[in-house]
Amino acid sequence: MTELFNTALTPWEWTQLISFYGIAALMIVAALMVVTLRNIFHSALGLAAVALGAAAIYLMLDAEFLAFVQILVYVGAVVTLIAFMVMLTQRASHGKLVRQSNDQKTISFIVVLSLFALLIWKIPTTVWNTTVSTGNLADAKTLGTAFLKEYIMPFEVISIVLLVALIGAIVLARREPK
Amino acid sequence: MIVPLAHFLILSLIIFCIGLYGALTRRNAVGILMSVELMLNAANINLVAFSRFVSPQSGTGQIFAVFVMALAAASVAVGLAIVICIYRNHRTIAADKIDLMKW
Amino acid sequence: MLNYTNLIPLIPLIPLASFVILILFGSRMKEKAAYVSIGAALAAFALSVPGIMMTLKHQSVHMEWIWLYLGDRPIKMGFMIDSLTAMMLFVVTFIGSLIHIYSVGYMHGDKRFSRYFAYLSLFFFSMLLIVLGDNLIMVFIGWEMVGLCSYLLISFWFERMSAARAGMKAFLANRVGDVGFLLAILSFFWMFGTVNFEQMAEKIHQYQGTMLVIPAVLLFCGAVGKSAQFPLHVWLPDAMEGPTPVSALIHAATMVAAGVYMVARSFFVFHGNIEAMQVVSYIGCFTAFMAATIALTQTDIKKVLAYSTLSQLGYMVMALGVGGYIAGPFHLMTHAFFKALLFLGAGSVIHGTGTQDIRQMGGLMKKMPITAWTFLAAFVAIAGLPPFAGFWSKDEILLSTFNSPVPGHLFLFAVGLFTEALTAFYMARVFFLTFLGDARDKEIHAHESPLVMTVPLAILAFFALFIGLPGSPMAGHWFQHWLQQSFPYMHAHEIHLNFGVMGASIFLALSGIGLAYLMYIKGTISPDKVAQSIRPLYIYSLNKWYWDEIYGMFLIKPFLWSTNALYAFDVWIVDGVVNGAAMVARGLGFLQFIFDKYIVDGIVNLFGWVTQKSSRIVRLVQTGIIQNYILLLVVGLALIVWFKILENMHAVL
Amino acid sequence: MPLLSLMTFIPLAGALVLLGVPKSRTETIKWVGLGFTIIAFILSVIVTLQYVPTQPGFQMQEYYSWIPQIHVNYHLGVDGISVPMILLTGLITMLAGVASWNIKIRVKEYWVLFLFLETGMMGTFACLDLFLFYIFWEIMLVPMYFLIGIWGGPRKEYAAIKFFLYTLAGGVLMLIGFLALYFTSEPHTLSIPLLQSLGQQGKLFAGNNFRFYGLTLPHLVFLALFIGFAIKVPVWPFHTWLPDAHVEAPTPISVILAAVLLKMGGYGFYRISHPILPDAAKHFSWLFLILGIIGIVYGAFVALAQTDFKKMVAYSSVSHMGFILLGMSAFTIEGFIGGYYQMFSHGILTGAMFLLVGVLYDRAHTRDLNAFGGLAAKVPVYTFVLSIMALGSLGLPGMSGFIAEFFTFLGAFPVYREMTMLAVLTIVVTAGYILFMMQRVLLGPLNEKWANMPDINARELLTVVPLIVITIALGVCPSLLLNIINPVMKTMMVAIGPLHP
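Same order as they appear, the protein sequences are chains A, B, C and D.
Numbering of the first sequence is given in my numbering, commencing with residue 18 and proceeding in unit increments.
Numbering of the second sequence is given in my numbering, commencing with residue -7 and proceeding in unit increments.
Numbering of the third sequence is given in my numbering, commencing with residue 535 and proceeding in unit increments.
Numbering of the fourth sequence is given in my numbering, commencing with residue 2 and proceeding in unit increments.
Check the hints yourself; a few may be wrong.
[To be verified] When the alpha-carbon atoms are kept at most 27 Å apart in a straight line, the in silico DSS-like pairs for lysine-lysine are as follows: (1) Lys89(B) x Lys122(A); (2) Lys645(C) x Lys900(C); (3) Lys204(D) x Lys105(D); (4) Lys491(D) x Lys379(D); (5) Lys450(D) x Lys204(D); (6) Lys1091(C) x Lys837(C); (7) Lys139(A) x Lys122(A); (8) Lys1178(C) x Lys139(A); (9) Lys1147(C) x Lys1131(C); (10) Lys379(D) x Lys564(C); (11) Lys1063(C) x Lys976(C); (12) Lys837(C) x Lys901(C); (13) Lys610(C) x Lys491(D); (14) Lys1131(C) x Lys1056(C); (15) Lys31(D) x Lys109(D); (16) Lys900(C) x Lys837(C); (17) Lys645(C) x Lys450(D); (18) Lys566(C) x Lys379(D); (19) Lys645(C) x Lys379(D); (20) Lys976(C) x Lys837(C); (21) Lys1056(C) x Lys900(C).
Just so you know, the hints here were simulated from the structure itself, not pulled from any lab data.
Just chain A, with the same shape it has in the complex (with noise of 0.2 Å):
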């Protein structure tokens, strides 16, 4: 880490170091949105934040194709069913609900932050295997596939998976015939 400061850095590292924590500054800041703001709705806006944001990052990381798709089901869908949710029980999160987070909230507060002492004590100090990047870098057709021939097997379970969970959703949210 030090050496990175003590090295002279091109115009261009620059850009991207400051983008980095710029970015990294916005989404821990959305994420605290999310998990603290008492308006529901706010929150998801936050969750939307913080997916563009994790979109950033994935371009970041010359993950173009990963990037776009995580734009396209985040904010695209997740983010939109979760407004769904948040109008359809409107009334059970404004009315009655005056304290958005539970009794547990100091004990989590300390266990989370243990936990996060913890990792964030022995991430720097790991020797991470990583390996200079030369030659071509994954990309969409690299991705497409490897899909569909080391990957074909989870590719459709995960297929199922969806189908039986648009299906569950369905079932579930069907009123009961009376």
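With chain A's structure known, arrange chains B, C and D on it following the hints.
Just chains B, C and D, lined up with the frame of chain A:
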């Protein structure tokens, strides 16, 4: 990439911990669901980062991330249904009011 | 070429086939069943005639085959016909056939008619096994089988409890004798390795030891049982429960004589075996005397004849015991004829009058002439009046007793003579009371029996009168010489006429008859007064010397008591030990149960108690609120991470 | 073709097939079950026909290594000692199957257990490995326990438990004996032929100096085996389970119990204890003699005191089985053959007796001998059949029982004269209880209670007639059986040697 792997991991960790905290403390079921989505996103960041730094040619981590997204979408869909179902039956979506698992 | 030797097995097998046919299909044949049986009997008779003829030409027939191998030892079976066999063959098949024919009339209308003839055929088969067998095993097989037939026929009318009991008694008494027989066979097997008559005779001839007495006595035990000698005589009088032709065939003419035949057949065992001979002769003599005294007072016509049979058999056995190995079989033959005739006559009387009590009879001479005359023939034969059959054979017996060099045998001779007088008396008594005088019971309407019964009577009468002649001095003792063939190991001795013995015998017989005449015809001597004057003896005789009571008291009762005692022992002691062991085990089990309940289970319960109490606290964790669970999960996760890190640190260090 | 395995496991296959048949189809179950017993019988006949008596050693052997770590092999094979027993088992089980037609309750379970039992019996007689022997021996107890305990009479639980525990106790002792044989043989083996040859060459227990009150280890092992087998025979005083089990068991099971199970004890003597431990066997010949004689006399006496028909037959079994011990005590070939003949003959005769008692019980629902009387007039065919069998038990010449007793006496008499005389005297008592029974049941005036009693029917007759034919055939022509057992007995006597060399 000038930003080291550890920084991505730390970002991911922070978001994960925030999500976890939310999942543990929010009373609103939709909030819990959103917190879970946060955690999944954090995990995805991890996967993509590892993919980029460890095996940039194969993109295995990205493939994993795609699967996680699919599952996330599925879980949201089912979660929505469950929440609506619970709301319909209990007139509440406060997680600490729903203790059906006690029996 | 049909060899006669190979036909011998057919002699017993034809009656056996008849038995099988009758037992399987007899009930469908009704009274036609008799033809099968009679045919078989006649066939057996016809088949034995050539054999008898051969012995007349001083030839004998022998065939044998290997029955089985026991280890490496072959056990052979065989048939043989020599003169002794021939005599028995003649008696059995000839008298047997006549009695078969007679039975058709006697058993007419019986509901188990075919069964009766089946049994007769089986008896025929078994008896022929005894007669033809060339070894003791074969004889023993036949021996037991005739016992069975006797049992079946005595209890033929099994609805009468007395008949059922009599059959059982006969079988058991026979079985006691058979034990001796079997032991004798075992002894001979052990000593000589064979039970074939010829081989045994040879081996015994060379035998120097002194161990022959016991096997000989054991063998004689078999004869005692079968020929109803004292002390196993008790079954024969009871055996009169059977149909009368059966009494004639089995319990007078053939089966009971088998004992005599067997002793004669294996006379080489007894010959020169003084102790065994003494046993034989004294038992014979005692039986002859005892039975005669009992016969004096009996009122049942068949009982009288039964005791008479006992007495005559005693005579034969005594004859054998004193060395009269020809006299015994000779008397066997004559006796077979006249006693069969007596029984058949009695059967005819019973058939005609419906009673067996001679006190109710009388004057039957007019109503049943053929029966009466044939009965008279038999009476003169048995009473020992010359020149009829019984005289010659009895004289032969008395003569051999008289001539016996053994000191005590003069006493036997005296008893024999006295018994002769008794015999004449009781037979005369029966004859006079039954056929002469006036009918005492007006209720009885006697009628003569049908031809099918009287013709055999007539034939038998002829033989009863004259069958003794071939053995008489007039015929030059032809019979004795003929029979001698069967005893090649004995020195044939010249028979001297002894007119003294003959005269004494005739005198005593006549005096017996005379006394009976005075008492029962003339009435000069009142029988009742005589009975009164010797009352204890009379009662003693009337109650058959109390043998049944003595046996019942001293044998049967203790025996039955001991079986029950043993059973009690079994239930209470032997099984008690088992159940006791089980109870001890259960007691231990109970102790263990206590231990288990309070110690072992206590510990278990302690755990349970602790668990319950602690879980009351721990279960507070189970809130049902999902976020509580997730929190715990995360705590766990954090701990795992913590430990993992620690572990890695140690590994690094 | 693995004939012996096939024969042994065909009934088990039948049991499995029956498991698939619906419970309610009782007729189908009966026919299928009977069909399998018939197949097993046919196979046993084939085994008998294929067996070549003149050829020494075991035949039709099947040998597979099973548990090599403890030298256990799946080893089947037959010789002259097992072949008649196998035939007897096949026959009796089939006839008992026919006699089982009257079982009305829980038909499916009954037949499954019944077939299972047959596998155990066949296996015991066909196996040549002590481990297998023990397994088959013990496995039989299970179906037997249930067959008595479920389909039995009023005191069935008591009888079943007594039978089970008693036999199990014996089995445990037997197992101890087997283990001792295993651990002392060098190399360790459980193979019966191997142990026999080791034992007969005096190589077993060689150099073992263990003493226990003067008894050496082979003596103790022999005693353990003896008690194990003696309980099954049963030898006095281990016999008390027998009357209870017989009285309570249903008819077909009584038949099997008497005809086959009791033979296993005797078979154990012939197959295991005597050939493997000949010297110990000679050392304890007095025990065989004494217990044999006591059994013969005592059984006969107690049988006479019975009023229960089945109990009487049970005690007569005790008496008859005493002959096996008497025959074996003498160590003469006649005695050994006699004892063996008695085993076979007793199987036939007593099996038939129990069948006939069952016939009577089915009609009258009582076995009290005094409750009958005069049945001969009412049921002539039954009377005839019962009389034949009773007279066979009584040892009447012309039937197998006589041959057996005669051979036994012939073998024992030269060795033990006085004792044999005692045993011979018992034939009077035997005649006594048999005739007493016949008198009380068949003869005398008809007890009006049974005026409507039907005669024996065709099915029941079918079960008894083969036994009658066999007992008479064996009585008239003993060579039928002797041809099979003679050679093997000769070999055994040569190997074992006489009692007093």
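Hint check, failures only: The structure breaks hints 2, 3, 4, 5 and 14; every other hint is satisfied.
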